[in-house]
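K.L.:
Going down the list, the sequences are from chains X and B. Counting with numbering that gives the first Met the number 0, you get residues 0 to 233 for the letters of the first sequence. Counting with numbering that gives the first Met the number 0, you get residues 0 to 558 for the letters of the second sequence.
Note that these hints are calculated values from the structure, not bench results. If a hint is listed, it holds; no wrong ones were tucked in.
Quick list of simulated restraints, FRET-style, between CB atoms: (1) X:GLU42 with B:GLU32: 50 to 58 Å; (2) X:GLU42 with B:GLY308: 35 to 43 Å; (3) X:VAL50 with B:ILE83: 27 to 35 Å.
Calculated from the model, a selection of chain X residues having no Cβ within reach of chain B, i.e. all distances over 12 Å: (4) ARG4; (5) GLY7; (6) GLU20; (7) GLU27; (8) LEU46; (9) GLU54; (10) VAL59; (11) ASN63; (12) SER65; (13) ARG66; (14) VAL75; (15) GLU101; (16) VAL144; (17) GLY147; (18) HIS184; (19) THR210.
As a list, the in silico PhoX-like pairs of lysine-lysine whose alpha-carbon atoms are at most 25 Å apart: (20) B:LYS48 with B:LYS36; (21) B:LYS325 with X:LYS225; (22) B:LYS86 with X:LYS33; (23) X:LYS142 with X:LYS56; (24) B:LYS4 with B:LYS48; (25) X:LYS6 with X:LYS57.
Note that the structure is predicted; figures quoted are calculated from it, not measured. In this text, a Cβ means the ideal position worked out from N, Cα and C, and glycines have one as well.
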Amino acid sequence: MLILRPKGEFEVCVEAELTPELAMRSVEEVKKFKVYYGNRVVELGELFEVVKEGEEKKLVLDGNFSRVKWIGARMVDGEIIVKGSVGANCGAFMRGGKIIVEGNADDWLGTEMAGGEIVVKGNARNLVGCAYYGDAVGMTAGKIVIEGNAGNYIGEKMNGGEIIIKGNAGDFVGTEMRAGVIEIHGSCGFVGGDMRGGEIRIKGSFDLLPTFKKTEKGFVGDVNVKGEGVIKTL
Amino acid sequence: MIWIKNGIVVDPKNKINAEKMDIFVKDGKIVAERDVKKEDCKVIDASGKLVVAGGVDMHAHIAGSKINTGRTMRPEEMRVVRNIAGKFRAAVGRVLLTAPAIGYEYAKMGYTTSFEAAQPPIGALHTHEELDAIPMIDKGALPVFGNWHLVFKCIEEKNLEKLKALVAWAIERTKGFGVKVVNPGGVEAWMYGGNVKNLDDQVPGFSVTPREIITWLIKANEELGLPHSVHLHCNNLGVPGNYQTTIESIKLAKGFSNPKRQVLHVTHVQFNSYAGSSWRDAASGAAEIAKVVNSMENVTIDMGAAIFGHATAMTGDAPFQFSLHKLIGARWSNKDTEVETGAGIVPIGYLPSNPVHSLQWAIGLELGLLVDSNKVVLTTDYPNGGPFTEYPYVMAMLMSKKMREGELKKVHQYVQKATTLPSIETEKTLYEVIHMTRSLPAKVLGLENKGHLGIGADADIAIYNLNPLETDFSNEFEKVYKSFKTAEYTIKGGEIIAKNGELLKEVFGKTYWVDARKRVDLEAVIPDVKNYFNYYSVQLGNYGVEERWLKNPSRIEVV
Chain X
0 MLILRPKGEF
10 EVCVEAELTP
20 ELAMRSVEEV
30 KKFKVYYGNR
40 VVELGELFEV
50 VKEGEEKKLV
60 LDGNFSRVKW
70 IGARMVDGEI
80 IVKGSVGANC
90 GAFMRGGKII
100 VEGNADDWLG
110 TEMAGGEIVV
120 KGNARNLVGC
130 AYYGDAVGMT
140 AGKIVIEGNA
150 GNYIGEKMNG
160 GEIIIKGNAG
170 DFVGTEMRAG
180 VIEIHGSCGF
190 VGGDMRGGEI
200 RIKGSFDLLP
210 TFKKTEKGFV
220 GDVNVKGEGV
230 IKTL
Chain B
0 MIWIKNGIVV
10 DPKNKINAEK
20 MDIFVKDGKI
30 VAERDVKKED
40 CKVIDASGKL
50 VVAGGVDMHA
60 HIAGSKINTG
70 RTMRPEEMRV
80 VRNIAGKFRA
90 AVGRVLLTAP
100 AIGYEYAKMG
110 YTTSFEAAQP
120 PIGALHTHEE
130 LDAIPMIDKG
140 ALPVFGNWHL
150 VFKCIEEKNL
160 EKLKALVAWA
170 IERTKGFGVK
180 VVNPGGVEAW
190 MYGGNVKNLD
200 DQVPGFSVTP
210 REIITWLIKA
220 NEELGLPHSV
230 HLHCNNLGVP
240 GNYQTTIESI
250 KLAKGFSNPK
260 RQVLHVTHVQ
270 FNSYAGSSWR
280 DAASGAAEIA
290 KVVNSMENVT
300 IDMGAAIFGH
310 ATAMTGDAPF
320 QFSLHKLIGA
330 RWSNKDTEVE
340 TGAGIVPIGY
350 LPSNPVHSLQ
360 WAIGLELGLL
370 VDSNKVVLTT
380 DYPNGGPFTE
390 YPYVMAMLMS
400 KKMREGELKK
410 VHQYVQKATT
420 LPSIETEKTL
430 YEVIHMTRSL
440 PAKVLGLENK
450 GHLGIGADAD
460 IAIYNLNPLE
470 TDFSNEFEKV
480 YKSFKTAEYT
490 IKGGEIIAKN
500 GELLKEVFGK
510 TYWVDARKRV
520 DLEAVIPDVK
530 NYFNYYSVQL
540 GNYGVEERWL
550 KNPSRIEVV
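Assemble the whole structure, with the sequences as input and the hints as a guide.
P.N.:
Given below as structure tokens:
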């Protein structure tokens with residue numbers, strides 16, 4: 000197990016693809032790991048205290064990581080526990096393993112992820128499990144659980160996997176969604192624009208576009224794109 | 000001063016074919032041995048290496064409204080980092096490159112000149128601002144004329160003097176280089192949601208036809224004696240069966256002649272060489288087109304080769320872009336419809352497993368192989384057919400039958416029956432390929448100091464780590480490809496700008512523009528222009544680009 004603690008407040012954002020794979024390296028190696036601090040390339044050891052305890056493939060980020068981007072990006076296995084908040088792009092492109100965030104998550108959580116699990120105990124911001132601008136598909140597999148609220152554009156262009164939001168969400172949930180499941184236990188704004196497939200289940204209130212037909216299965220659409228997505232109450 | 004020693008020179012314009020000789024450079028020009036002091040020269044040992052003129056790309060979309068819209072709508076293209084800011088500017092891009100990346104990548108490959116192929120006249124300032132941001136290379140831009148109401152008016156009135164005056168005025172105002180014609184009449188029809196289908200269709204709202212537009216513009220261009228001929232993007236681009244329209248358009252050059260150059264250049268012909276009636280039975284019409292081009296003395300073409308991988312279709316041919324968007328379902332942006340032309344942008348990727356893409360790939364190569372080397376220029380119509388950084392692939396393919404056989408195995412086998420590529424035995428020689436990438440495009444553009452290494456030429460030189468005397472071009476295609484991909488030295492205007500793929504110095508090349516005002520009486524058209532500007536969104540006084548606004552203008556006066 001590897002523990003990282005920020006040495007102080009960050010003036011600008013840090014971009015660091017911190018994955019559990021780091022826990023397999025020696026402390027010296029980890030300290031030399033190259034990360035971006037603003038536009039400068041620095042060594043991880045300059046910004047964080049590094050402590051190693053045992054050989055487990057686990058990364059513990061202890062402190063405020065809300066200005067650290069790309070945590071867990073591209074990870075394939077192992078576990079990351081963040082005892083605080085995380086910055087943007089956490090878990091992007093991840094293929095396996097688990098990330099637990101005890102605080103809040105920033106934008107682009109689990110973007111284009113293809114496996115594994117992300118649990119956020121606090122709130123998440125916008126664009127959870129979606130596609131980066133210009134790409135055709137977002138999240139394709141895996142699971143994202145947000146125990147608090149989430150922002151706009153949840154599961155945009157999602158093509159598989161599962162997103163569960165225990166609180167409320169913003170507008171444009173499941174826009175251009177093709178497959179997979181989004182579950183919202185609270186309320187949300189507009190849902191399913193240009194949705195082609197997949198399912199959105201909502202417990203609370205939500206705004207529906209006029210391009211969905213009411214059927215036995217729930218609301219089916221978006222008819223604008225001959226979609227067969229389903230929106231129903233949970 | 001530079002002394003390139005013992006290089007093996009291939010210089011088709013001066014009929015030098017793989018001869019060991021020295022090249023001397025002074026003040027940005029190639030000079031005779033006696034004009035330099037050898038002890039002051041920087042010596043480059045080029046023993047066993049190929050020395051050629053810097054490459055000339057005569058048709059690429061490198062600046063202006065289209066490529067910019069392409070960049071905006073394709074953020075995913077901007078994730079490939081090519082250069083981190085430092086001594087040189089930050090450069091990114093996969094196929095759609097940023098302005099600095101365009102210059103840097105050309106330089107690394109040994110290319111030193113590139114022309115923006117379609118500049119909307121009202122967008123000239125934007126185009127030039129962007130050309131000025133491209134380092135390393137010399138450049139120019141071709142304003143588009145084929146769908147401009149003022150052009151139609153002159154043709155309707157059958158007033159050649161007025162048309163000539165308009166062309167001379169517009170080229171000066173836009174600081175352009177020649178007359179580009181994109182889908183004549185078709186883009187005007189697009190303003191009403193339509194297109195034209197053949198050369199004799201009437202353009203909506205005007206009593207002119209595409210045939211008249213092309214012929215009249217050739218007439219005007221030839222009487223003005225511009226350095227470059229009419230540069231034509233034919234009607235019906237991208238439509239199966241269009242090769243007949245292309246042949247008809249090519250034949251419009253009959254009856255015109257110019258001792259110096261062609262009178263019509265037909266561009267990215269690959270996209271205009273489809274036989275058949277739909278994409279289900281599409282086939283190659285390249286052989287027929289090649290026959291016609293070969294039989295005519297006054298027409299040149301460029302390939303517009305398609306290369307497998309990412310690309311972005313961007314042309315002034317707005318109706319075609321819309322049908323492409325409908326065909327493949329990709330994103331689409333409609334551009335410039337409100338100005339003197341139109342445009343569209345659609346992202347595209349060419350896949351070897353796709354029969355149509357394989358067909359396009361094969362047709363590009365067929366054209367390169369079947370047309371006389373003196374009439375076909377190597378292009379990919381960047382970024383429509385693919386990146387210019389893959390020119391070496393096309394070069395190697397033209398020179399090796401074995402490489403083509405290998406590549407043919409990887410593509411959709413539809414090409415076996417739909418094209419003649421598998422049966423073509425021709426292997427172009429290095430001399431021919433160097434001609435197709437250097438001296439020929441320079442000649443087609445009318446740039447006398449480009450594309451060759453004779454005394455007085457611009458010192459734009461590329462040195463490749465390839466000994467033409469010891470290379471078996473048929474079998475060692477991988478080595479050929481690799482060598483042409485990265486020049487050992489790229490010299491631009493007498494300065495070494497890149498070495499083995501490393502940039503050494505940032506230079507800014509010239510922007511060529513043509514001034515033919517002395518050949519006409521501008522008063523013939525000014526009243527019409529003034530009247531026209533009552534309806535423009537800008538005032539006449541604010542229209543166009545002043546020479547002093549350009550970073551490094553180079554005026555070519557036609558007298």
